[in-house]
Structure formats: C-alpha cells, structure tokens
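*Asks:* Mind docking chain B on chain A? Use the hints.
Protein chains in written order, with the numbering used here: chain A, 1 to 370; chain B, 1 to 269.
Because the hints were derived from the structure by calculation, they are not lab data. All C-beta atoms, glycine included, are put in the ideal place defined by N, C-alpha and C. Be aware that a few hints might be false.
Residues on chain A that point at chain B, a partial pick, calculated with CB under 7 Å [unchecked claim]:
no.	residue
1	A20
2	V21
3	P23
4	L31
5	S176
6	G197
7	R206
8	V319
9	V321
10	G322
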Amino acid sequence: MPTHLQPGRDSLVERTWQTAVRPEFVGLLFLVAGAVSLVVAFTTGGTAADPVGWIDAVRIDFAIPTTAGLLGGAVILLVGAAWDRWRRSEVDSESGASEWRNRRLPLAGGLIGGLGVVFVLVGWFALLSAGPGGELTLTTGETAESFQGRVAGENVAIMLPYRFQLEGAELEEGASFDVGLAKPGNDPFRRATLGPGRSIAVGEYRVAPVGLSTESGQLQAVFTKSEGEGTAVATLGESFRLGPDGPEFKVDAIEENYLDTMGPAARLSSGEMSGVWAFQRTPKPEHLPEGRPDVQLERIEKAPAVVFRVSPAVPMWPVFVGGGLLVVGFAISLIAPERVRLLEHGEYRVDSFNEAGRFAVDDAENGRET
Amino acid sequence: MTVFATTTILGGFVGIGVVASLLCIFGVRRLAPVASLAGWIGLVGGAVALYAGQGSFEPAPVPTAFLMAASAALAILPAAGDSDAARFAGAVASTLVAGGVGTAAIVFASSSPPTPWAEGAVLIGVHWAALGAAATTALAGVLLVAAWVLRIIRASDEEGAEKEAFRLRARARDAAARGVALLWLAWPLARMIHWRFLGTPGVGSRSEWFGLGITLVATGALLVGWNLDESRSARLRSAAGPVAVATAIIAGVWVAFGFGSPFALSLGS
Numbered sequence: 001m002p003t004h005l006q007p008g009r010d011s012l013v014e015r016t017w018q019t020a021v022r023p024e025f026v027g028l029l030f031l032v033a034g035a036v037s038l039v040v041a042f043t044t045g046g047t048a049a050d051p052v053g054w055i056d057a058v059r060i061d062f063a064i065p066t067t068a069g070l071l072g073g074a075v076i077l078l079v080g081a082a083w084d085r086w087r088r089s090e091v092d093s094e095s096g097a098s099e100w101r102n103r104r105l106p107l108a109g110g111l112i113g114g115l116g117v118v119f120v121l122v123g124w125f126a127l128l129s130a131g132p133g134g135e136l137t138l139t140t141g142e143t144a145e146s147f148q149g150r151v152a153g154e155n156v157a158i159m160l161p162y163r164f165q166l167e168g169a170e171l172e173e174g175a176s177f178d179v180g181l182a183k184p185g186n187d188p189f190r191r192a193t194l195g196p197g198r199s200i201a202v203g204e205y206r207v208a209p210v211g212l213s214t215e216s217g218q219l220q221a222v223f224t225k226s227e228g229e230g231t232a233v234a235t236l237g238e239s240f241r242l243g244p245d246g247p248e249f250k251v252d253a254i255e256e257n258y259l260d261t262m263g264p265a266a267r268l269s270s271g272e273m274s275g276v277w278a279f280q281r282t283p284k285p286e287h288l289p290e291g292r293p294d295v296q297l298e299r300i301e302k303a304p305a306v307v308f309r310v311s312p313a314v315p316m317w318p319v320f321v322g323g324g325l326l327v328v329g330f331a332i333s334l335i336a337p338e339r340v341r342l343l344e345h346g347e348y349r350v351d352s353f354n355e356a357g358r359f360a361v362d363d364a365e366n367g368r369e370t
Numbered sequence: 001m002t003v004f005a006t007t008t009i010l011g012g013f014v015g016i017g018v019v020a021s022l023l024c025i026f027g028v029r030r031l032a033p034v035a036s037l038a039g040w041i042g043l044v045g046g047a048v049a050l051y052a053g054q055g056s057f058e059p060a061p062v063p064t065a066f067l068m069a070a071s072a073a074l075a076i077l078p079a080a081g082d083s084d085a086a087r088f089a090g091a092v093a094s095t096l097v098a099g100g101v102g103t104a105a106i107v108f109a110s111s112s113p114p115t116p117w118a119e120g121a122v123l124i125g126v127h128w129a130a131l132g133a134a135a136t137t138a139l140a141g142v143l144l145v146a147a148w149v150l151r152i153i154r155a156s157d158e159e160g161a162e163k164e165a166f167r168l169r170a171r172a173r174d175a176a177a178r179g180v181a182l183l184w185l186a187w188p189l190a191r192m193i194h195w196r197f198l199g200t201p202g203v204g205s206r207s208e209w210f211g212l213g214i215t216l217v218a219t220g221a222l223l224v225g226w227n228l229d230e231s232r233s234a235r236l237r238s239a240a241g242p243v244a245v246a247t248a249i250i251a252g253v254w255v256a257f258g259f260g261s262p263f264a265l266s267l268g269s
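For reference, chain A alone in the conformation it holds in the complex (with noise of 0.2 Å):
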C-alpha cells in the first residue's frame, strides 16, 4: 500500500476516499447535520391554537434520520482519517519507543473520545425513534389508564399498558408519591414510591412524576371539628377520621356554592348515616340539630395534581458508557503531548490536542528539536 498517494495516478475510488476523509469535508457535514438540527429547533411552531413550546417534546419525521444519516457518514469518515494517520504514523516517526507516545495515544485518545460522543448520541436519537410520550396529570387516589401524547401534531390520547393510580402523595417533608400498577378489575400488583424525577416501569414506558400543577385536579376539602384539635383533608370518595377516635366519614360530594346561594359544602356520609351536610359558613354549634356528628367544612381548595412525564423506556447504559468514555478519551489526549514534524515532503503535521505538554517544532535545517 503506498504511503505517500499521488492524485492522477491512483483509482477513483482511492482519490474519492482521500479527498473525503479530509478534515474540512468532515466538517461540511457536520455543519451541515448542525443546520439541519437548529432549523428543527426554529421551525417547529406549531400552530397558534396550539403552540409548541421551547422545551415541549416535538416529533420530526424527517429530521431524525437526516442527521442520524449525516453523522453515522462524518464518524464513519473521521474513523477512516484516524486509521490513515495510525497507519502512516507506523512509517513516519523516528523510534519505537516514542511513537506511541507521541503519536498513537493522543490519537487514541480523541477516537476513544469520539467513540463515547457516538454512544450518547445513538442513544438519543433510539430514544427519539422510539415513539411517542406524553404527560399524565392524577390526584391523590386518581386512576389512569391513558396519557396525553402529540403524535403527527395532534394531541392524542395513549392507552398505557396497565392502569397506573396515584396512591398518596406526600409533600411535606420531601416529596414521594405511591404509585400502583393495576389490570382492570384488580388491586394493584406492583407498588412503589417514587421521588420527583424517579421512574417506573409500566410496560414498555417509564412515567416519572415531575411537578405539580393546580390548574387541573379536583377539589379537595379540609375538615375540622368545632371543639378540640382535628383536621383533615380528603377529596371526593376518600374516607377521613377527624383525630383517632372519631368516627370515620366518606365524602360523597363536594359543592363550591351549595344551591348557589349557601356557599362551600361537602356531603358525607358515616356509619349508618348519610346525607349530612358541613357547609363552611357554619350556624353555631347549638344551632345544630342533636345527634349531628362534630365535623366541620373549613374551606375547599383546589387539590394539587401531581404531573407524571411518560415516556417510551430506552437503557441509560449508553449515557454513561459515552460520557466515561468521553472524559477517558479527553484524559488521555491531556496526558499525550504531540509534536509539530517537518515532514520530508515540506507537510507540517501537528497533532496536539493539548499543547501544555512539550511544544515542539522540528527544525529542519537543524535536525534537532526546539
């Protein structure tokens, strides 16, 4: 194979390989991958009814192969280019015991670097590939069988595997949410607490709870009692008990204004007794007809939904195989230094990726380094 090629004398195929692995032909398709990529970013709108914000989830049909195209060409490409310099680095350099340092390893160095930028890219884009996700908005005690997804720029709604419900939410001291998974008909048969931005699996989707939102949801109402200490929340169809003795209710309904005219209410019902009202604009207690049990309506609020990000499940592995090997790649690109060489034919080659190590220029009229 000759080392030296000289345009004209060899096949088309070698001039075409030669003039492709160059750098700047490398970089024109990066470029344009890059262009391709910030028009996606500026384009996608939407519509006025129904904008697409800058951090919504867009789908791209034509985009995703595209640079995926692109990019497999420019790494295939620079592969190529390194192979080539790892090929005549054998015959340039002077000794053997200084071409692995000077030459291959920073060399090795970038491809191992390259090589953990091209993990966590594939990753990405199998996980744009893979499908649609969405979001989910639940409140406490909330089942979902479906989430809100966009495909082909309309919303649509997309059956999840199982039925997901919202057990508990705690928001105090740090918050974790319960979650279950459940078949129509069923009790959950998988639990799990989940911490904001902790995932599980439901299929072949992860929904991970990521905010809070108290646009949506329902009302919740806060109950005490008129004497002693005792205060509970619950919305429609949950239990409460007013302190540990007390008797267990279970609100039936939940009015903002009761008949439009008597203000807040809540309906429950306990033991054998239904249908008694608690209306936040209480008469005072000896107002109230014997027998009532002491429950009062406090206010009624809005109950904040806990917003869950669905999305297809795609391995993390590639993320931090790439990034390890990215920062391993750049280390060893630091710990190589490289030399600028005067080569024969009047080529200065430089290959340094961190000149902080000996900067060297070869004099050739001297034949010794400076």
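*Replies:* The following block gives chain B in isolation, referenced to the frame of chain A:
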C-alpha cells in the same frame, strides 16, 4: 460517603490542580497536564458523584461553588503554558470569567428548580460549569487567533517570527478543540440531568435540537479550520474556525437564555 467527605476529596483534586496551575504559570510547564487532569476529574467526578446522590447543594454551598468554578477554570489553563503575554493575559481573564460563570451557575441552580428538586440543581450547576469552560476556552482560542494575526502583521521579517506565528496558530486550534470537547461533555451531562428530573434521557424538544445543532456546528467549524497548511484558504479557515466555535457556543447560551431555559435542557426556569 458523606457530603463532607465527597466535597473534601474532590476539593483536594481541585487544590492539586490549582497549585499545579500556579506553578505552571510561573514556569514549571510539565505540571500543566496534571493541573488540567486534576481539574477535569473534579468537574466530571463531581458531576458523577452528585448524580449518584453523594452530595447535595444545601449543606455545602461554598466548597461546591469553589469546586465547580475552579474546575471550569482549570480546563483552560494549559493554554498559559508559555510566557507569551497575550496568552497569559487571555488565560487569566478566562479564569476570572469561568469563576464568574461557575458562581452564577450555583446561583442559578439554587433558585431555578422548585423544591424539593434542589438535589438535582447541582447537576445543572455542573452543566453550566462545563459550558462556561467551553466558552472561556473558545474565547482563549479567539485571543490566540488575534495574537497570531498580530504576529504576522507586526514582525514579518524577524528571525523565528514565522515559527512563533505558527505556534500561535496551532495553539488557537488546540483551544478551539478543547472548547468543542467541553461542549460535547455538556451533552451526556444534559442526558443525566433529564434522567434525574424527568425520568427519561431526553424528550426531543426544540431546546435539545438547538443544543445538538450548536454543538454540531461548532464541531464542523473546528474541522473545517483544522488544516495548518500555508495556503491562503487554509490560513483563512484557521482564523475563522476558532472564531466560529466561540461564536457558536456563546450565541447558543445566549439564545437559550432568551427562551428561558438552560442550554440544551428541557427544563423551565
């Protein structure tokens, strides 16, 4: 490992790096790779340890802030390996800028996510530190291009001027390359941040596409300006490359700010 132990150990790496860098500036050049490596370990090791939950922001803000700002600065200090005044001044200025960016990163990270998500805020701080390091390294590259051009204009007949000019040109390319590498580091960090906050490595938002696009454009600009031949087009591209890399990085962060979200992250502020 406790928070205290983690920050002490990582702070130790940073301390080694700082001492080595000072020696480096004052003439002991061989320690420069050590300085850079130590700072690098501090930056990335900090990110990994904090991701794994071995430390959070609230109990130890001061050492964490020092860790991040110093790590960002150390990533660019090897450019100050020689005694050329322009490069030294550039490196000092870059260090101050990186320190400022690192501190701003802490402030931003502490105030932007709502509690109780404050733990992951430090990851965002490290992400900002990597971007700060990338920006300051790329700016060092621009300063080196300026030094190269001035060298050519000012003293074209001097003995050894050509060699000196060539070294400046090669160093400018190195600084730009390091800036691009740090920008690529922000990418897996962004994936980890999304994993911590959203339970998924990414959502494919416009912000992420924008971040990818800027990174690819910077890489492309670096590669287009890679050749160190003496031909006219190669010299023009050598000058344009580092300038384009710095412009891409700074424009990227600026535009992302304008949209109200950190660079390449799908998180609101």
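*Asks:* Can you name, in rising order, the numbers of the hints this structure does not satisfy?
*Replies:* Of the numbered hints given earlier, those the structure breaks are 1, 2, 5, 9, listed in rising order.
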